[in-house]
Each structure stands twice: as structure tokens, then as C-alpha cells.
Amino acid sequence: MRIGVFICHCGSNIAGTVDVAQVAANAAKMPDVAFAVDTMYACSEPGQQAIEEAVKQHKLTGVVVASCSPRMHEPTFRRAVERAGLNRYMIEMANIREQVSWIGKDKEANTRKATDLVHMAVEKLRLNRVLIPKQIPVTRKVLVVGGGVAGIQAALDCAEGGMEVVMVEREPSIGGKMSKLDKTFPTIDCSSCVLGPKMVDVAQNDHIDLFTYSEVESITGYVGNFEVTIRKKAPYVDWEKCTGCGICTEKCPNKKSFDRHNEGMGTTTSINIPFPQAIPKKATINAATCRKLVDGKCGVCAKVCPSGAINYEQEDELVTVKVGAVVAATGYDFMDWTVYREYGAGRYKDVITSLQYERLLSASGPTEGHIKRPSDGKEPKNIVFIQCVGSRDVSIGRPYCSGFCCMYTAKQAILTKDHIPDSQSYVFYMDIRSPGKAYDEFTRRAQEEYGAQYLRGRVSTIVPLGDKLLVRGADTLAGQQVEIEADLVVLAVGGEAAHGAPQLAEKLRISYDSYGFFMEGHVKLKPVETNTAGVFLAGACQGLKDIPASVAQGSAAAAKALGLLSKDTLESDPQTASVDLKRCVGCGKCWNVCPFGAIREMDMRGQIKAEVLEAVCQGCGLCNATCPQGAIQLSHFTDNQVLAEVEALCRC
Amino acid sequence: MAIQEQLKKMILDVLPDVDCVIGWGPGPDPLRGSPFFMRKPEDVESFMAGPMAVQNPALFLPEYKGKKVGVVVKGCDSRSVVQLISEDLIKREEVVIIGFPCDGVLDVAKVENALASHGEPGEITAVEFSGGEVKVTLAGNTHSLKFDDVKADKCGRCAVPNAVMSDFFAGIAREASGVKDDYEDLAALEKMSLEERFAFWENEMSRCLRCYACRNACPMCVCRDHCVASSRIPHWISQADSTRDKLMFQVIHAVHLAGRCTGCGECQRVCPVGIPVLLLKRTLSKGVTELFDYAAGMDTESKPPLLTFQVEEATIKERNW
Amino acid sequence: MSVLNESNNGKELRIVGFLCNWCSYGGADTAGVGRFTQPTDLRIVRLPCSGRVNPLFIVKALLNGADGVLVSGCHPRDCHYAEGNFYARRRLEVFKRLLPTLGIDPRRFEYTWVSASEGQRWQKVVSEFTQQVHALGPAKFVADAPEFDVLKVCAE
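These protein sequence lines are chains A, B and C, in that order. The numbering of the first sequence is the numbering used here, which starts it at 1 and goes up by one. The numbering of the second sequence is the numbering used here, which starts it at 1 and goes up by one. The numbering of the third sequence is the numbering used here, which starts it at 1 and goes up by one.
It should be emphasised that the hints constitute simulated quantities derived from the structure, not laboratory data. Check the hints yourself; a few may be wrong.
[Claimed, not checked] DEER-style ranges, computed between Cβ atoms:
hint, chain 1, residue 1, chain 2, residue 2, range
1, C, Gln131, A, Gly397, 33 to 43 angstroms
2, B, Glu313, A, Gly588, 19 to 29 angstroms
3, A, His58, C, Lys11, 34 to 44 angstroms
4, A, Ile132, B, Ala199, 43 to 53 angstroms
Predicted model only: the values in this text are computed from it and were never measured. The beta carbon of each residue, even a glycine, is placed where N, CA and C say it ideally should be.
Whole structure, please, built from the sequences with the hints as guidance.
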């Protein structure tokens, strides 16, 4: 092998604290090194040209560039050697900037260290092999998991871009949390008037295949070629036949089912359509309360259904689809606030959550938009809002700010005044967080125009007082205790990762943080990508955010998915594992540990062997470290290469 | 009926259904038994269980994968069988396991050492076991040794005198001694300073012949002909007479066995120069037991702990920088 | 052979780092970008994942005369490959317990988790570990086989 070594000055970034000429002179003595030189800026156009010329002039078969981190410029130098006619994997980098010149000023020590790093790179390069990427065909279809506003936006944008979309939503209707809201901040426009048309667009778009009341069962495959199994839960209604006429919901004798859409603020029938604008507008039977399904006595809905859609025998159905990219938009859920004993831990009927209050405000809610408190149906006059219930509270493991509660509480205070002009709202808050276009102005309006009384402090206890609730708290600005006789208490309950989010993350092989929110690829530069190629994030599943931000991220994720699938094929990374069939004993340890299912058992003339599915292998090398006889080796990071690096460092 | 006779009858019953039954038979001299492959009913005549059944017959099972074989096992051997099954290295349905209550096996080296002043091992003409005594006839004289003094170390800490899993079991299961494994064998090493230990291994490994008997006797070493000891890709160790590479090999063997070693001790027993190579594996087994409450070869359903993980590890306390 | 063998001024020791590309190698880069000064003893081998680290690499380094070995990967749950560091954690923890039996001070080997954003943490890890290894001094190593000189043997 003929190796060329290029030691970059990086101006004075490296040359300032490393004797680059000395490193080059040392490198010249290393095995197989045919040419070694120091260069001002290896990555600049003349720098790259010099490498290309040296490759040709000195008939080099491999190149070592000692400069900045390979995480920075490895692709640059790979392209350079490729232009010079070498395989792009016949280059190694020695990181003598981030890991040498920038972290110490001792020039002698730095020069020694840089020489060692170059030596390691040379020894590794001597064992590099030509690797050829494969072209893998892609399925130009996107899976959107979650039919909230972020998922809807992503789906519509993908469809607009000509991509086929499969949307999976676990509730019977799309719409997500936004469909439960009455109005939205900071404009007080009607939530369903904004969201409704988008939901209809999803239903009417030929490019979008909608699976509601469904969940992702499993995902296999890899970027460009995922295979998704979707579990369609049995609604006990043939949705092909159901017209959404609603006769069944009128006639169903069991009217005491928990109303999920109304957050339990009302009851509903065992067979129901979650809300009037539901998409799809189809009936679903609640198997836990349906008399026919529980004890076989009833069957009214089947009798009244004009289209004969009711099917009590229906079972879950598994559907498999192939997609090229995935957008996770699973949103969030509210934390279980009943851990707070000071707020009654759920014992007081008139202490409700903000989302329950939202349903009371909504004209399509259980009270048809009249605020009636749950205990006796009376109209409340004194309403206390408590913010940061389950947000910014280290004691219950929720140190984070949910981000949207300050704003929706202000909105609810405003709406309360609109609904009940002689009412008085009190808001206990910690800080008002209102960074956003017209947000701070909005919270001021709640106080100044709508007379909401903001009290900076926490509530210590709520105790029943006749038919009222006595709210005791602190006003830290006035420095005094306050007691308010409230007719209704609304808790601004903080958000948490959607239930089941970690399980979905594991199916998608993406990471999630300790709260269950999905991890973006880079906090600043890859906010919608994940570290798993082909999986993108939209909305609150990545971290709590309000509607505008969710919509923006939905569009961003769609743009990423469209970009990825704009070509017919993708280039696979050839740095994958490969099996030496002669040495493999078929013990199966590799396929047991492979996180990607990229290794399978195969039969070679009666002998069991391991086989790597090259396109699935992500190149982590776990199998390589697991195989006792080293029969499976990760290309470009083989045992011998690592051993060569180790020996370069310390053979004594 | 004596256990041995019961076992013979079971082997004869099993024999028609299997390729062969692996057990023990007469060895090269009266002190030693040998692995024994019984294919025909007349072979069974020479079968012997008891204190000279020292070898681990599980060693041979992976070679028979795809064929049905019977195997007679001591408690310790059965753990190897179970471990092989749990790793899918052999198939449960392809092996007929015959167990019996084991009273411990002989450590030939201990006998030879005890009688060293009385003659050469080759002069042993008869060995008899009775009532906790071993009577050895050496150069015409009969010497009586206490069995407890010459039994294998592992038998002293044995917790599984009966097969962990068996299709047939001869006799009545024996109570385990109840002695807890306190890793006494490691204690001597632990008394040394780190420098002394390092020197200990340097010295011990300098005697290694690189015969690889340790590996060849290990029932869990399934790589066999493809061992990294002799491969160039990957090239972990050289072929040179290097103490470093010899030690490296022992560490490789131990690391490959971490969480898989059942402690049968065959590696150490067969070492022709008496290097205590089991110590390395025992260290790792101790660590695995402490960390994962796991002992290899006790349950076919459990996964070797290093081939799986828990998202939250209850016992691993990482260093807080 | 490390240049330290030729020109070691006695101040530096041989410390080998095995770092995953996605988190810890990035963290080391972040430390560099932030100019977080560190001791110069450590040389880093870049690997895709801490799951790629065969504990035997560490033995190899230590038997070949490394004075310390540091493995660093993504924080658990954060593995780029979803599970690699979970396996690494178990393997490295078990392996660490073998070192005292071999007569190698277990403080010569540490493993940790550093993310790509934790430049300062990386500085702390490197500084503390280097200090720890220096406190132990140069490691003993097993001598290599004597050089087999064919000509000399023939002459004899």
C-alpha cells in the first residue's frame, strides 16, 4: 500500500500548538507511508487539489488527513479522494484539532499526541478495504403516526407533495387534543373551525390512507423500506357500511359510558361517534360497557342500524403496509394530577382539569357551552385557576415547564368572563411564561380587560366549605396568605409524553428522554430528524409545544420526508457487518443481540450460518463484539483494525 | 439395585432410540475412567458411573447436533447440557438425559500427589471405593485414602448433586451438601497484592504449552476449529512463545465464557502443566452471580446475562464523574 | 509503537480511549471546540458504538502496556443504535471485575457515558481519569516473546 499523509495547519488552529512539520516528518517513517506533507488548509479548494494531485503523482492507494474531527470533514475528504480515483473509504482522518491542538498548549506533548494519532490512522488505513455502496430502492410512501394537528399537517403536506401517506390514529377519530379545545390562544378563534377543515381534507385526500382506532403493532426494515404492521382494533361496526347517521347512538339503552371526548364531563352511549365533526364519522362500540358484548343481552343497535353495519363478532385486524419514511406525531397526554393531595386528589367534584373545563366551554360539549359545575350544575361565579399542576415540580419528577398552560389559562379566564360576565377569575401562578407572537399582550388582556386576578403564589390546600371550595394559598407579591371561596377550581395540568410513547420509540428504534419525549437528532440543527434514518418527529411527542409550533414542525417533518423520498433509490452505507461463512458456527449470538433484526439464520448445505441483511444493518458492530470467534466483522471497524490502532498506541 | 445397574438398564432402554449414549467407561489405568460412547447393547456392560466418572460428557453433544443422543450426567454435567440447550447450541428434543445422584468424583492429581512417595502412578494396579475410603494398590501395597481428601474441589462446593434436568433418573435424588460456594479458591489469590497476582499469572502462564486442552475440554467452547487462538482474521494473538499471548488466550476464554460458564472445571482438570485457569472463569462467574443473580446452566429458559440487558440495571452503579 | 516509548519525557502515560462516534466522540469534539483544556495522555479510538467495544480490546491494551483505558458511549436509552450501550454496560461492568484477579488495578479502567453536548463533562472525565491513572503510575505489562532472530539461531 502507498499511503499519503497530509498534516493540516488549519491556519494557526493546529499549527499554533502542534509542530505540524515534525508530525509530517514522523509520519514519513511510518509503514507504507509513501508521501507525507504539511498543508495550510487541507479542506480548502487548493488543499483538496493538492491531495488529488499527490494521489496521482505518488500513485497513492490511501490517504490520511490529520486535521479537524472526522465528524466535520470526513465526507469532504472522501469526495476528494474519490475525485482522485480512489475508493472513498480509503481515507482515514486523525483528529488533531478538536482532540489535540484545541485542548492543550504544550506543543511538545501535542506533537507527540498528533504523531500517535496519525500513526493509529495509518495502521487502520493499512487494513481498510474498498467498500461499494449499494443502491436500494425506496417505497415512496410515508407513515404518519398520530392524527393530531401536527400529524394532520405533516400528512397533508406530504400528500400535497405527491407522496402517498398512511395515517394511523389510536382514537376512533383524528383531531387529537386540539379537537377537544373550545377556542385557541391568542386569537380566541374557534378550535374546530380551524382544525375541522383540515380534518376533512385528510378524509378527502386520495393520497391519504386513514387508519383510525388503530395502532402500530410493529415496524421492521430500514430507511426507504419500512414494513409496518397496523392493528385495526375492532369497533364492532363495519365501517364500510356505517354511514354515521347516529341512530344507534340515540337508541342505545346504556347511556352511562365514560365519555372520552368530553373528558368524563358527561356520559355517553356504549355505541357512539365521539363528536359531531369526527373524521371518520363512524360509530364505535365500547366493549367494556356494551350489554350485548358483556352479557349478550341487548342488540338494539343492530336492530336499528339502517345499513346493517353492526357486527358483534368483529375481531382486530392486522394490516401490513410498506413505507419509506415515518413521521412520529403522537402528541402528549396530561399527567395524573391526583397525586396532589392538597388539591383533593380527585375527591372534590368541582376541582376539574383545564381540558375538562375546555369541554364545559365548548358549544359541542356536554353542557352545550354553558359553564355548569359538575357537582350541582350551578353556574360558578368565583373560579380559581391553579397553574403549574404537574409542571416545574421536581418533587413529583416533573421539573420541566409544559409551555402552554400559562397561555391557555389566560384564554380560559377570558372565556369565563365572556360566558359569565359577573364572574371573577383568580389565577395562581408561579411565573407567566408567554414568549410568542402576541402572547404576552394576551395574558395582559386577561388581567387588564377581563379582570382576571393574578396571584403569584402556590395553593397550599383546598377544603370543602358548604357547597363551595375554600382555596388557601399565598400571594407572594403582597406577602400575605389568601383565602378564596371558589365555586369551581380549574387545574392547569401539565403535559407528559403520550402514554405508550416509549413503547412506540422502541418499535421505531428512536431514543426518548427520561420523560418519554422522543429525542431529536440534534437539539438545534436537526430538530425534526431522529438518529434513525427515515424517522422524523412532529409536534409535542418531541417536547411539549403549542399549536403553531406543532403545525410548523408537522410541515418541517413533511419537508424532510419529501426530500428523503424525492429519489427512487437511496445509497446504502457499506460500513456493515459481514460473515465469514467458513468460520461461522451458527451459534446465533449475533442475531440474538442485533438491535435491527439485520442478521438472520440461514441454512448452508445443512449447516446453520448467520447472514447479514446488508441494507438493514446499521453498522453498530454489536454482533462483532459478541461473536466469540470473530466470524462476523464490521467493515471499516474490524477487530484487526481496532487491534492495529491499539498496538500502534501501546505495543511496548 | 445399585445405581450403576439401574443406569445400565436405562441406557439399554434408551439405546434403540438414539445414535449413541455417552457416559463413562474404563480408562487407561485403574485410577481413571474415560468418556464412553455406547452404540450397541453389549457396550453397556462396561459402563461405569461413580467417582471415576470425572469427565463432562456434555462436551460431545454439540457435535451430535442434528442426531439424537443419550447422555448420562452428573449434576455438574447436567448444567452444561442445560446451558447448551438454553443457547440453542443443542436441541432439547435431540438429547435424552439420564441423571443419577452423584457422590463426588476423584481428583486424580490429588491421589497421585498423596501417593507420590510410594511409587509412580503407572504402578497403580487397583482402585476400590468403600465407605468414604479409596483403597489404591500401588506397587503391590494397598494404601487407604479418605475420599473427601482426594475428591475434586468442585465437589466440595457442589449445590447440584442431581441432574438439573433429566428424562430418566436412577435412584433417589441426593440432598446437596448445603455448603455455600464462598469462592474459597479465589481467596488465596485475593490475599495477594495486585503486583503479586500479576507476577503469579506471568509465572503460571510462562509454563503454558499452548496445547489448548483447556479449550478442547470446555463444553461451552463451541467455536472448536474456528477458535480465535489460531485465526488471522481476526488476529487476536500471535503464534509466538509469548507469555502475554498465552495469558491473553486465557482471558479470551474466560471472557467468552462470562455468564455461560457452569464451573465444571474441565479446563483446569485437563491442563497438563496444572495452571489454575478456572480462577479467571470463577471470577467472572462470581461477578455475574452478584450482578445478575444468575448461575449458568440451571434453567433452559433463561438467557445468558451478557446476551441481554435491562433498561434500568438495578445492580450496576455507574461511576458518577 | 507509541511515540511515547521513544520520547516520553516521563510526564505522560499511555491512556487509550474507546469512544462511540455519535455521543462521546462528539462530546470530545465539543470539548475541543469549547477549548476545554485537558491532559494530553489520552488517545482516542473512534468506534461506531460502545456496543462495538469488545472487552478483549481493553485486555489487549492493558497487557500490551497501556496504563489506562477509558470507554465512553451514549447515555443509556440514548444509544444511536438503540441498544448497544445497554449490552456494553453489562459487559464492561462484569469485565471490570476480572482485572483484580489478573493483578491489574481496576482503577486503570473506567467506562462512562458522555453525550455529544457534554463538552465540559468530557473535560472532567478525561482530567479525573488521567489523574487517577497518574496516581497509579505506569502499569506493569507482560513481556513480549523474545524476538526470534533466524540468522542468530542459524549462526549458533
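Distance restraint evaluation - Ile132(A), Ala199(B), Cβ atoms, bounds 43 to 53 angstroms
Once the Cβ atoms are compared, 51 angstroms apart, the range 43 to 53 angstroms for Ala199(B) and Ile132(A) holds.
Gln131(C) versus Gly397(A) beta-carbon gap, inside 33 to 43 angstroms or not:
holds, 34 angstroms
Go ahead and decide if the range 19 to 29 angstroms is satisfied by the Cβ distance of Glu313(B) to Gly588(A).
holds, 24 angstroms
Could you say whether the range 34 to 44 angstroms given as a hint is met by the Cβ separation of His58(A) and Lys11(C)?
Taking Cβ atoms as reference, His58(A) and Lys11(C) lie about 37 angstroms apart, which means the hint holds.
Violated hints for the displayed structure: none, as all numbered hints are satisfied.
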